[in-house]
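Chemist: Read off the chains here:
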Amino acid sequence: MSDREFHPLVKQLLDGDLTIADLPAELRAEGEEALSLLAAVDRTPVSVPAVTWRVMAALASRRRRMRTGLLTAALAIAAALAIWLLPARPVAAPSVVTVRFVLVAPDAHEVSLAGTFNQWDAHATQLVRTGTTGVWTATLTLPVGQHQYAFVVDGQRWVSDPGAPAVDDGFGRRNSVLTL
Amino acid sequence: MILTILTMPLTLLSLQQGIAQRLAGRVSPDVAALVEQLGTEGSARGLPVEPLIQKAIEGSAKRIPDDRVATAIRLVATQLDTAATALREGGLDSDTLAIAAGAFAITAGLSGNDITALARVGATPQALTVGLRVAGTLAALGVPQADNIALVSATLRSGKPAADLLVLPAQVQSEMANGKTPAAAAAGLSRAAAAQARRGPPPGRGHGNPPPHPPTPPHP
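Chains A and B, in that order, give the protein sequences. Mapping of the first sequence onto our numbering: position 151 corresponds to residue 151, and the numbering continues sequentially without gaps. Mapping of the second sequence onto our numbering: position 74 corresponds to residue 74, and the numbering continues sequentially without gaps.
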């Protein structure tokens, strides 16, 4: 893991607020480097069993109470017991969500993703062909909220996601909808 | 008062500059001028500007002729107005995120009355915004309006956290994959949410939305 600090505009690029085309020319190399680092991260979703949340919450609770006296320790045990008895739930909702987009397009030469999250830039987010099966994928980290998008096949054909709900785009086509 | 009068033109100028910057190099000058005009007028009425900007950029990216982009932008402006009016009738004033979510729901096929009905559930603006987005997504999946509003209203009333609303489209899609119609899938989930609402919020979830209508006491 690099300790390097990226330029604030590059951070906005990573957040999806800007596209690579929005960056000044002198920052584009840095932007591409940052995107390649992001793409290398394994973002396979993991599910954490409910009991893990309880254990983590209990451990955090105990850790906070280590430095105090006997009475506090007794209170900590009581608090830990209470935590064990309460239903488990995460502390806060995430502000971003990692999403994998998939399109099956065996005859396509290139596929990209354009939507409200990248200013509808058909060149900003390329999908990668996985193997020889014609399955194209891209993994993005998006802010919670609502997003509309479409795949762009071979730079010309706008295609809605067959696996997602879609709405009229006002231009005679359909936009796919993602609600996070 | 004087300060307000002095700062208003500055705010207006700042808004117009912000729109111009967002659209510079992305759309034609005619389309940019239309968004500035509609955005400025709408902003004065508490409407969000972002949906207009997005539609302009989208139209340009899809290489749609300017006249059709202008028509689409005007339609979005109308939908924002309709959503804001519907929310006001439901008791919610000037929440731009909720208005944008309501406009999306209208795009997906819901009506102003549906939006008013959801606003009258009495959820927080944040939960209502999520509810409107989810209702729009359910409409896009083909869930009929009545079933849609019943399901989202029941879920809002059940006291679950707003984030729990977000799983509804996936649940409906899952039921549809098992052969159910969108209406039947929504109806089943709606019954479950209504039952949850009658039982009250689940333990440890005291931060959910309180049921807006307290249970009616039994008649003597």
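Hints were generated in silico from the structure; no laboratory data involved. Some clues are possibly wrong.
Non-contacting residues of chain A with respect to chain B, defined by C-beta distances greater than 10 angstroms in every case (computed) [to be verified]:
| id | residue |
| --- | --- |
| 1 | His109 |
| 2 | Asp169 |
| 3 | Thr179 |
Reference excerpt, derived from the structure (chain B facing chain A, CB under 8 angstroms, subset only) [claimed, not checked]:
| id | residue |
| --- | --- |
| 4 | Gly59 |
| 5 | Pro144 |
| 6 | Ala146 |
| 7 | Leu166 |
| 8 | Val167 |
Note that the structure is predicted; figures quoted are calculated from it, not measured. Note that the Cβ used here is the ideal one computed from N, Cα and C, for glycine as well.
Chemist: For which of the previously enumerated hints does the structure constitute a violation, in increasing order of number?
Modeler: 2, 3, 5, 6, 8
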